[in-house]
Amino acid sequence: MEIVIPPFDLKSISPIIILTISAMFILVADVFFRKKFKDSLGYLSFLIVVMTGMVAFTQMGKPVYSFSDMFVVDNFSVFFNLIFLVSTAITILLSVSYVKQEGINYGEYYTLILFATIGMMLMAGGADLLTIFLGLEIMSISLYVLAGFRRDCVRSNEASLKYFLLGAFATGFLLYGIAMLYGATGTTNIKGIAEFLANNPALSNPMIVAGTSLLIVGFGFKVACVPFHKWTPDVYEGAPTAITAFMSVGPKAAAFAAFLRVFLVALPAVEQKWSIILWVMAVLTMTVGNLVAIAQTNIKRMLAYSSIAHAGYALMAIIAGGDFGIASLLFYMLAYAFMNLGAFAVVIVLGRKGEENANIEDYNGLGYKHPLLAVTMCIFMFSLAGIPPMAGFIGKFYIFSAAIKNGFIILAIIGVVNSVISVYYYLRVTVVMYMKEPGREFAPLSLSPFLILALIVTVWGTIHLGIFPAKIIALAQKSTLLY
Amino acid sequence: MLAGLLFIIMGLITIVCALCVVFQKNPIYSAIFLIQTMVSLAVLYVLLHAQFIAAIQVMVYAGAIMVLFVFVIMLLNLNKTDVEGDYDKLLFQKPSAIILGFILVVMIGVVTLNTVFQGTQGEYTPESISQIGNTQLVGKMLFTKYVFPFEIASILLFAAVLGAIILAKKQIIKDKEV
Amino acid sequence: MILLTWYLILSGVLFTIGAVGVLIRRNAIVIFMCIELMLNAVNLAFVTFARQLNSMDGQIFVFFIMTVAAAEAAVGLAIIIAIYRNKATVNVDNINLMKW
Amino acid sequence: MSLPILTIVTFLPLAGAIWLLFINGEKQEKIKRIALVIAIGDFILSLPLFFKFRLDTSEFQFVEKVSWIKEFGISYYVGIDGISLFLFLLTSFLTLICILASWNIKDRIKEYMIAMLVLETGMLGVFVSLDLFLFYVFWELMLIPMYLIIGVWGGPRRIYATIKFFIYTMAGSVLMLVAIIVIYFMNQKATGEYTFDLLKIYNLDIPMGAQFWLFLAFFFAFAIKVPMFPFHTWLPDAHVEAPTAGSVILAGVLLKMGTYGFVRFSLPMFPYASHQFVPLIAWLAIAGIIYGALVAMVQEDLKKLVAYSSVSHLGFVMLGIFVFNIQGMEGGILQMINHGLSTGALFLLVGMIYERRHTRMIADFGGLTKKMPIFAIFFMIITLSSIGLPGLNGFVGEFLVLVGVFKSNVVYAVLAATGVVLSACYMLWMFQRVMFNKLTNPENKKLKDIDKREWALLLPITILVFWIGIYPKPLISRMDASVNHLLNQVDEKYKVTLNRLKIEKKEVEYAVKEEKSAEHTIEVD
Amino acid sequence: MPYFFGCSYLDLIGYVLLFPLAGTVINGFLGKKLNKAIVGIVGCTAIGLSFIVSFFVFIDLLKLAPEHRVFEKDYFTWIGSGAFEAIAGLQVDPLSVIMILVVSGVGFLIHVYSVGYMHDDDGFYRYFTYLNLFTFSMLLLVLANNFLLMFIGWEGVGLCSYLLIGFWFEKKSASDAGMKAFIVNRVGDFGFILAIMLIFVTFNTIDFTDVFHAAPEHLQTGSFIATMITLLLFVGAVGKSAQIPLYTWLPDAMEGPTPVSALIHAATMVTAGVYMVVRCNVLYTLSPFSLTVVAVIGGATALFAATIGLAQNDIKRVLAYSTVSQIGYMFLACGVGAYITGIFHLVTHAFFKALLFLGSGSVIHGLGGEQDMRKMGGLKKYMPTTHTTFLIGTLAIAGIPPFAGFFSKDEILLDAFTKGSLLLWGLGAFAALLTAFYMFRLLFMTFYGKSNMTKHVEEHVHESPMSILIPLLVLALLSILGGFIGFPTASAINSFLAPVIGGGHHSMADGGNLHHVSNSLMFSMMGISTGIAIVGILLAYLMYIKQPDLPAKIVGKFKLIYKIIYNKYYVDEIYDATIVKPTVKTSFILWKIVDVKIIDGFVNAVARIVELKSEVLKLFQTGYVRNYALSILLGGVIIIVCSLVLL
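Protein chains in written order, with this note's numbering: chain P, 5 to 487; chain L, -1 to 176; chain H, 366 to 465; chain W, 37 to 561; chain Y, 233 to 879.
Okay, chain P solo, but in the shape it has when bound (with noise of 0.2 Å):
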């Protein structure tokens, strides 16, 4: 017996090895780190962040595989990579004052943001069930600990626990699901699968319709999807507010780049029943995360629940597939990232040390005091709501499109009339900022230039991807062929 270790593709890992290498660099520089120079390790990681991501877009073009089929470097996941590194370091600008206010201003912060970003690298770019479990559980395990960053306060640790044993539970059902399908196909291996379900019957296989349910129920849980959200709001509400930022953002991203790589390229053999299932959870989600967001009173959590929304949305990319759904989910999740950190960042920049959880009312009169401030909310807030000329609504537009092109209009109906609900609690925050009396004082904002660049970069993104979305689109369209 010999062994040949096959060559290593270094170049298209590159970004994997730049940010493990660099994680690791924190972690040791932490220790050396005198305490005033605390602030620039999350300038390091975002500069790290900013150069990896100019590393990984230079990465478009050919798909490559690598490692016997292990991963892949296609133009796909390189505009998810990029929407990674963006939200990755949007939070890592949101984090420096915060964590210092929080007084959780530790390199390991900094290094578990960066492995789970390493960890959704790997889904979006795995090629293999195994890669794509691996890359979920780095990220997991990187969450589960920052969302429980601050030991000492009791709802971090609760939203810790509650993110951990419904993760690893979930985690149960989508092993169990890849096991099944691994053994009715023989092989882990996406395109494998495929290759095997064209050419064997699929749909009169229980394994294989059992295992592809399975694997909806652990995508399901990391998307957030209506029955499986319901972790998200308190894990949202607990966790320390930059995490939530990325937890809405980049998580979820990478969670429904591997549900759709999966789904639309190995398992399009069984497309006729997980579009009906996943039909459904898409009404459900958008449904019940518009609904009961109309109720809250926590603007995280309301936040929260309007991100299970957005899933249902981002669900309906999914469902319609083809060369448009693919697009307009990516186009999609990239409006997300700069519209949902922008409206943390915000609540970051409000909150207090032990009172970060803001109550929306907490925000009455915010016009008044802050109007800068209050209108960058505002163009959050109709951005999410999607109403033009916002990213948002571009986004909404291209996936009710991709939806309507494909036959499934009656979904598209139900998405704007959800999107209709969801203006009710988006505008409740513009209301109590304009039309309110300002009830108590405000804080002195905690506006660090970290948090002003966030800020900037975020009501940037979120206008020109309204209203110059063509180059972004371009590039979406480009990056629909999968492997």
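Keep in mind that the hints were calculated from the coordinates and are not lab data. It cannot be assumed that every hint is accurate.
Said to hold, decoys possible - Now the stretches of chain W that chain P is said to cover, found in silico as 3 or more residues with beta-carbon under 8 Å:
#: 1; stretch: 181 to 190
#: 2; stretch: 217 to 230
#: 3; stretch: 505 to 516
By construction, the Cβ of each residue, glycine as well, lies at the ideal position given by its N, Cα and C atoms.
On the provided structure of chain P, position chains L, H, W and Y as indicated by the hints.
Quick look at chains L, H, W and Y alone, frame taken from chain P:
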């Protein structure tokens, strides 16, 4: 035939132990029964010609991981039966769990029994495995086909270690900051 | 091959027991152990399939699952310790500060 | 046209709004002046459109087309024809009036002016868009500033009103979005081209069944905006709570977007469905006319009264549009403008006494003529214009609509004409209770007549009221070509569909016959 | 074509309109700053000039051959949309010329009268603005060469009527009356406007000449469309001319200043309906049914209003009811096809009714605003000129030869008898009796007998100034002489108007219809009607001079009837109860229940349900992690079951 008998015995032991894990009040007993379950599973792995897996099942899983559990239970002084309180606040939890569990079992049974396995056959029949040696084969695969996940797993473990440390550290290190 | 089917059914039973355990137990650690039970069930299924398909991939997968289980155990127990420190309980029914 | 005049006029207010962003909010006078200058400039810039408008063509004029989102075939495509021209001018005119009317707003004037200017851009954009997507963007965009204007500077129940306004209108328009996308793909299927270009989509022959649903989707969006009878309840609330200028814009321009939408989109795109829907729409419109008038009659709040009168007036417009003849259509369009002027002016007038007395309850007034004779004259003229007195603008539109309606259906015309009687009832009764009788309320004794600024607000409108009433030809002649073209277009497409229907019927009959004959032969055998 | 300074007077027809309009504009914009004398001069001059131009136009027209006496002048296209075209153009023909002469002539006198009458009023300039505007509108109404332009005038006079009735707007009753006038007129306009549309749809034009040319060819006599058109037009006429059932506004209109009542509510505006019917005589002739309706309504109104007039005590109200009644006569004439007679009565009525109103105005002026006849009496000695002129007017209206009213009224009765039926004649004759009675009752109560004035009033009673008396004198003269233009055997008005009747210029056939009647019949009819009038006068004399306690006795005997008549048959109350109140009530229901509760309730209920659902769904988020796990398992199981079993 022997294998069949062994399977039946070990399978029954596994199930009984698993049930005990669930229904034992004292967590430490649960842990012990879980270890027992794992060990009996290891036997089944051997029956399935997966010696390496069986070995690490016992060593890593039943040994290392479960020791961790026991350790934590001891650490937190949880080896009492009354941790969970007397009655369940969620009235419908248990019945619905059991009903759902029943349906799940039935469905899995139905699926398994109705499936005609047509999966692509691999090259590693038990004979060929025993020729090369199970452990060698695993090793070979880990360094060839699965070298990438293998490397990735290191990140996973690193993250986990890091997380465990940061969460379980006794006191927030404020010395540097003070 | 009939035998292998029974292996799978055993795995299903174990999985279900684990899942039900998660639902009915209130001790966080026990719940976690039940999850381990589920993972073990998955492992059993993988090994069975590997055996049936004459492929090693399943066994490798089990190897990775174990790795993950270990990692999760480390983190999970750390979380439980952290929460125990703050609330002095591991009863998940008492850990419901956030709801609605 | 080398100068992109439409773009300049449309986006100048936005540029102004951005300029205002950078000015210190404390400098109220400066802010007001800048806003006013921009509005005036915008209005002046829009005037050449009127004078240089070519009467001899039905094509879109001052067209500009730039690719916007190439990947979707979305372009920035603007242009006007005889239908949108006047609504466009009305918008720039009324915004100017509104900015002047808001002179006394003290609270956060900067934000207010910014909202106003952004709103103007949105409204202008709606009227010039020749790209469905662009249209939708503007359509939704203008919701935001309007929402803020009502919500921030409105009355006591402003939050309820503004949310209702927003969600109500949004609920209608999202279905339209779905319909737009459906049409987009239909067009793509038919021609292979991805495009939202309205003029290209006009040529699309949509199957009858689809027309029905698509029309319905558009119908909800527009009918809510108009608002047609059962969808009108957002209007009184929004009007009552909105600040004066908000009400003026709301009544003067926003409501027209619904009717404009019907003319521009529903009719030419779905001629068959439009024809099928005539009875429903006509009855709703008539219900609106009578119902709006009756309910207006018993209102206690001046603004509510005017709001319900809008429901009534816009019923006329709807009726005029949906009779498919030139008188009805031109009357309808003219009536849109008339309603914009006279109802806008009514809100201004109500605003003026509200500013003085801080009440809008009719019962609080009475005998104001004594104290405010000039005000009374303007009020009278506008009231009469709203009633539709011949010689003033309201009559021309109303009469043309009625003629058009009469030509197509006498019953509709007779019922609609009752609105003529009813409008006199509620308007004059209101006028009497506010302006006539003895001045008894001591609060009213201190009232001052209108000042120069208010003169400047009312005089231009009054001049227009007379002008359109006495010599509407410059307006109507500019509409002629476009309206004729539109009607021909609708007619031809309708006939094509009808013919196809006939052929299909014949085919079916033929098939049935064949079957029968086949049975026959079998029997013979 | 006669020319003057290079142009025909007919070309100057626009100036007839321009002068009053100019007066309106000058007084409207500058009146507040000008002093009253100038305002008055401007107002009067405007109308005076207008009258002069009218007169020259009349002369010019006379110079033309009778069949060519039509002159049209188009100014600009007012509304043009597709086939629909309304041109701003004027038409001069005998009918319109007579009308403009009357309008501007009587109008001028009343303007002059107003200068004195309204001198002390604060709203002097406002008054003249309105009055000029009214004259303008009225002239437009009669000069218009198409239906829509006529409608402008039609509504314009309505507006001015509204403004002038409510001139003293601080009086609630005045502003109420104004509103009532406008709204009731609007009901009529509703018919008118439908008629215009029907005409357009039928003939594809609304130009008078074209329509009347086309009508006989297009429409069969008695055809449905002709009937509909004419009936709808008549609805308009009924509203404007205060006929049953829309007459109620006119008595209330007496809230306005008295000269206004004279000009608008007696001499000119209210007769616009008659003018319109005559103008459209071609159409009416095509529909016998409509004619019958016109005649019956006219006759009925004549009688009905006369009965109410019997019991009224307000001097102006009596005159108002008499106006209603007299216009009824005119319609009666039109209804039996005697259009020219209708116009003839219109003209004479303009003279004597204006005279009567102005006279009553003089009385009211002299008494410092008192209008109740029971508080007058014996005014003859205080106001001799007023008395004389009033007497002339009363004789004229009562139909005593040779006063103007005699000729016209007699002719109407004759036509009713010969062309109509005995019933119509009977209505007219009986009404004539009542007219004579109540007019002389008015005269006697006011000027004769003993004074019932309060002390205070009596001290201040005085004859009116010259600006008031001169118009009275002129009008008195006209009331005496006016009738001779229609002198039975050589009727100037008949031959002058003949071309207008029966399709205009191409047919003169049935124009001067009177001449077919034998002289004996004519004279016997004259005798009868004179007799009737004298009986009426005697009755009045008996009751109010001879035996002043007799009326009370009669009232005592017929209490119920008196009460009904006194209360004007409760028509206002009936309208109020059957139309006004239910409408308002319905509206309240529509608003408070349909709008707020049902429609808005539905909308809010949807929002509420959404919120409620939100609150309920929220509770599923229990906070228990096991519960969440349950929902995951539940979801998983459902998905598996569905995908395996159901799908």
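Right, here's what the structure says about each hint:
1. Given a C-beta distance limit of less than 8 Å, the hint that chain P covers the stretch 181 to 190 of chain W holds, as 4 residues qualify and 3 suffice.
2. Beta-carbon proximity to chain P at under 8 Å applies to 4 residues in the stretch 217 to 230 of chain W; the threshold of 3 is reached and the given coverage holds.
3. Requiring three or more residues with a Cβ within less than 8 Å of a Cβ of chain P, the coverage given for the stretch 505 to 516 of chain W is violated, as only 0 such residues are present.
Violated hint for the displayed structure: number 3, the only one.
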